[in-house]
Amino acid sequence: MNKLSTFTVFSFLLLSVLFSGCASQLQQNQMQFGIKSAQKDLWNEAIFRWKKSIRSASDSAAAHNNLGVAYEKKGMIEEAEKEYKIALKLDPDNEHIQSNYTKFKKYWKESEKTEEEKDEKK
Amino acid sequence: MKNRIKFLVFLLIFVISISHTFGQSIYFPYYGKNKVNYTKFQWKSYKTDNFDIYYYTEDIRTLKIISELAESAFKRISLKIKHQLSARVPILFYKTSTEFQQTNLYQLPEGVLGVAEPLLYRVALHGDMPIDELQDLVEHELTHIFEYDLLYGSPGGVVYAMSAPADWIMEGFSEYNTETWSSWSALIVRDAVLNDRIPELTKRGSLFSRYPMPRPPSYDFGHAMYEFIEHKYGRNGVRNFWQSLKNSPMIGRLNPIKRAFNLEPKEFGHEFKKYIRDKYKHFLLRDNPENYSITMGPEFPLNEFWFAFSHALSPSGDIIAVETFNVKDSDFDILLLSAKDGSVIKNLTKGYTLKYEHIKYEIEPSKGRDIAWSSDGDRIAFFARTGKKHSLFIIDALSGKTLNKIFLNQDRPSSPCFVPGNNELFFTGFEHGIHDIFKLNLGTKKVINLTQDDLYEKALALSPDGSQIVYSIRIGTYDKLFLSPVNNLKEKTQLTFGRGNTITPEFSPDAKTIYFSGDMREAFNIYSVSLDTGELKRYTDVRTGNFFPVQVPNSPDTFVFASFNKGSFQIFKSKLEGEVEKTVTLAKIEDEEEYQRFEPLLTFEIDKEKIKPCKGIGKLYMSGKPPLDAIFSTDGGIYGGSSIAFSDLFRDHTFSFTAYQVRSFRSYYFSYFNQKRRLQFMASAFRYTMYYYTPYSYMDPSLYYRLNYRDAIATRTISGANVGAYYPFSRYYRVQATFGYSNYAEDFFDPYMNKLMGGTTGYGFFWNGSNVSGSLSLVGETTKFKNYGPAGGNTFKIGITQSLPIAESFIQNTTLQLDFRQYLYIGADALFAFRFNGFASRGKNPYISYFGGNNQVRSANYYSLVGNEGWYSNLEFRFPLINSATTLLGQIGPIRGTFFLDMARIKLKGYPAQITILDYLTVDGENLPYLRKVDSVGSYGFGIELFFLGFPVHLDFVKALDWPKFSAPFKYNTRGKWMTKFWIGFDF
Amino acid sequence: MKRNRIFLILLIFLVLYSCKTGNYWKIKLELPVKTSLDISRFKNIVIANFFLIDDKNDFEINPALLEYLSSELSQDLDKNISTNNIALDNEELFQNKDFWKGQAPGEDATAFLTGSIEYTSETRKALIGKSKKQFDNPFPSKNRLASRKFYNLKMNVYFINAATGEVIYETKFNETQAYENPNQTAEFAFFDQVHKVKEKLFRQVLGGERIQQRYLISK
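Chains as they are written, first to last, in our numbering: chain X, 126 to 247; chain H, 112 to 1099; chain B, 12 to 230.
Here are some chain H residues the structure puts well away from chain X; computed CB gaps all over 12 Å:
no.: 1; residue: S156
no.: 2; residue: D170
no.: 3; residue: Y322
no.: 4; residue: E375
no.: 5; residue: H393
no.: 6; residue: G532
no.: 7; residue: K623
no.: 8; residue: R708
no.: 9; residue: L1029
Below 16 Å or equal to it, Euclidean Cα-Cα: the simulated EDC-like pairs (lysine to aspartate or glutamate) are:
no.: 10; chain 1: H; residue 1: K461; chain 2: H; residue 2: D507
no.: 11; chain 1: X; residue 1: K177; chain 2: H; residue 2: D487
no.: 12; chain 1: B; residue 1: K230; chain 2: X; residue 2: E220
Bear in mind the hints are in silico, worked out from the structure with no lab data behind them. Ideal placement from N, C-alpha and C gives every residue a C-beta, glycine not left out.
Build out the structure end to end from the sequences listed, making use of the hints.
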């Protein structure tokens, strides 16, 4: 291989990979738009998009997980727990879902426990 | 409106008639977009007492309406101004706005309702509006005619005028004579006054606004100025003002305020401001829109978007889709904004597209929204201009990808509404001159007219379940709200009554309440009417105007709405509490109910005998004041020229005569241009004298040292006649053809040169003889222009010219030409520009083409690269340096920089494809010149361009390049010192 | 050959990197803190005098405290906030339902905010090592006697339902702060400490937000 052809082949491959091969990652879809909305603190829109995702793919652990996060943000604790549990059931080995649910329990359940203890003391 | 010759028309005539002079395109390098005449108008005329009405519809009712409106306007204005016109007024009436834009009188942008010109006192207007608004328009344009008559005395008098009054004097007077303030005009003025943005009167008496306004201040503030004059000096004050304009010498027209009122413009402006502030002071205690919430973008100049023309809320209520104007790109865009903080989430229509010319917009809110968001959250609908009319576009709400495009026959469509759960869409539009409600099936693309009446329905909204529709109807001079079931729009329930307009209705999510905008308190406020109880509530008390209230889903007291603030519409989101004003009884309207109609002052019957068809060309009139043009080239030559044209009343037929001169060489051109139909044609006769510099390299090289290139000037005179035709496929692409006879006479300009060459030239390529040829070209121009020149898109021309073998002595050749340019916009007004221009002429007498200098091949002398075949190519990177700068000489700018690279090859028949260049060899410390042959020449360097008095001025720093072998493009030489080149001309 | 291999490895790395799916996003959530008291049913909050335990201070605690609390509550609560100089003789009064019912007869949606305060101070001295350098004393001496003023604030806070006279919420605070500045007054120190009490009390009663991290997943 001479210099010019090596350089040409390498450049061509590099450019085609960078600009076209992974373009699917850039496609807007309901999940991505929901995430973008959540990042902008637009939780109603995020819920809307993830619910749509679930309607078209009810076995999407990601959508259920994200919906759990959104419900948590809106203070809808029971709904949040329900979604986390479904997400875990669909993808039990997913460390991110596991982390979310653990933190969820710690934050909301412990504060409930503290309240119960206080009531009992009274 | 002042009359001007449209330079592009002249340019078009110029370009398509010249088959072999693309060298001259150095001066005007653009081919222009096409004005497509989709409709061939069969004009008819009808004379009333004061007007010659020209129309083309079959419907006599249209003629009756326009005649009555015109005569009514004439009577009222004539009595008010106390002046009688010196001539009859031709009125050209176009049924629809899209047909109006096909007029050949002017190149009209979207949104122009009518024009009046002073040369022939012509008025042209269209009828896409309610009758009362059409009356106002007729009065406005007719007042211009009265103005021209007062100023210039008669039709054509404007040709001798050396100055003209300020725009506000003309437009303001026209608005004043309508004796009507539209809600929209009042809103603009009120907003400016309350925000202390009243335009200033300059020393020369013009109105100047420091701040952007939705339309020039000359209209609305001009109107207010006349009301001020009437207020302070009475009606006689207005008449005296015009008397001072009429009687003053031409120079005196520059300060009519002083003459009429003995006040300097500044003092007059000061008094006016006091008056107008006092007039609106009772609004000061009302809501300031900025108190509602933070502004939901657009926030020009904090971002590049200005004006929220229309908005739609996402089903979740968290995102607002807004139609806005992108100031940086000079284009309309649809943005997604956060309803929380107004930040821009995405621009769904970023960049330029050829799918449509521009997104349709309405400034005036009463027409309704222009975008809609489907209830499933996935689609956004809007209208955009595509050729003759508009199309509906449906795009993906998340990505902006076009999902559907449906061409519509209806004019000025508006108010799109998705039908929930159905593949249908409702909209309003004009059909056969009537504004109705339509239903479109998005799958079959079939459109049904749901109202089919002569009422003006607009601004519709559908209930969330799609079973009901609310809309406004123009009753008399007011807009009122009506409710109907979707499956039967004949069944109407009136929701609002009394004085005031009620517009932009929206359903509440539970469909029990209609929210709308009403001007019962002068300013437009947000109201609601309960469909159950008839309770009318008012939610705001704003100083300017609030429109398009949409209740946020799951938030009963929170609304997103548009408010007019500081010269534009902005979006706000606020919790609003309503106050009950009264309870209305909703009235079911019977089918046969007669609605109040607008009646003109005069009514009469049409005498059908007097209707005459317009045949032939008719009388010819001068088209306008002859223009003056000037260009400066790198060889120091100055191009100067002018032209005069005559056309018929409709400017379908134009006869023009052009004369121009470069150095001492004059050219003349006469043509007839017919643009009545889509296929346009012309006939021309011409005598051109052009010049170029013969390549002395083809002569005895020993002469190289004794002569410079300016000595080798040769002239070419072409006399002849031809016919041409051009057919536009669309706004961007066309085919054009010519056929004609020409006689060529070429020689050296200096006869001594001829002797030096021994009588006949060693050069041997002069054409002398007759030529009959035909040419065919395909031309495309999608280039987007900004104030500095091309900014995106591409331009091309591919053509073939064939000389016909009429006789042995006739010149014979076949010539191919290709001109291609591509512009790649990077952003921030920086772009790459690429050009390839090639030609090849073969045959017994191959055609000589020439180029060089300016921005073709910068290192070459002007027009010194001469040959039968050749090409040149340019690559430039253009970028902004300074947007504008104020200097002692005036405003200059923008100032832009360029990095350039160019390359060229040329070949003359019988010689190798090489160029001889002069180079220097250092021998014993001495620079000795010698000639060297190379395959290609070119240059690189950088330059600065600035605009001065409208002319693009260039200063380039150029280094010469040459390529000994074209097959080794990376082996090149630089040559000589850096050269400085100065030229005036347009970028390619 | 070696160079080509390097190019190939680099290319593979770039392919993998650019094709990285970006499956998850960390997001910070501001989650509401559960309040210990549901104050939403009350329209009016009346701040009553606090019972002063062993008051030896040279400034009036109650006016200062009531003005501070009413101003802070007005900013954070959309309710009618007012003050009332109710005379309190002893701490047992807080459990006296009839007493409090009589303070706002007929008012259903009113709650009293009151309590007891013990605010004391003492000066403590000690031998310390080398002092910090200061601009007016660049060469401090070693092993010198230094003194600090300590202020201690103990508060019992009660929310009492005016309709029933019952204590619906009570909480205790104990704040101590030391000052090197011997001129620091008791009144100024009081505000420093009551500010800390207010932060804790309001978090308990009005709630607030805590930041938590979660993961959003795209696939």
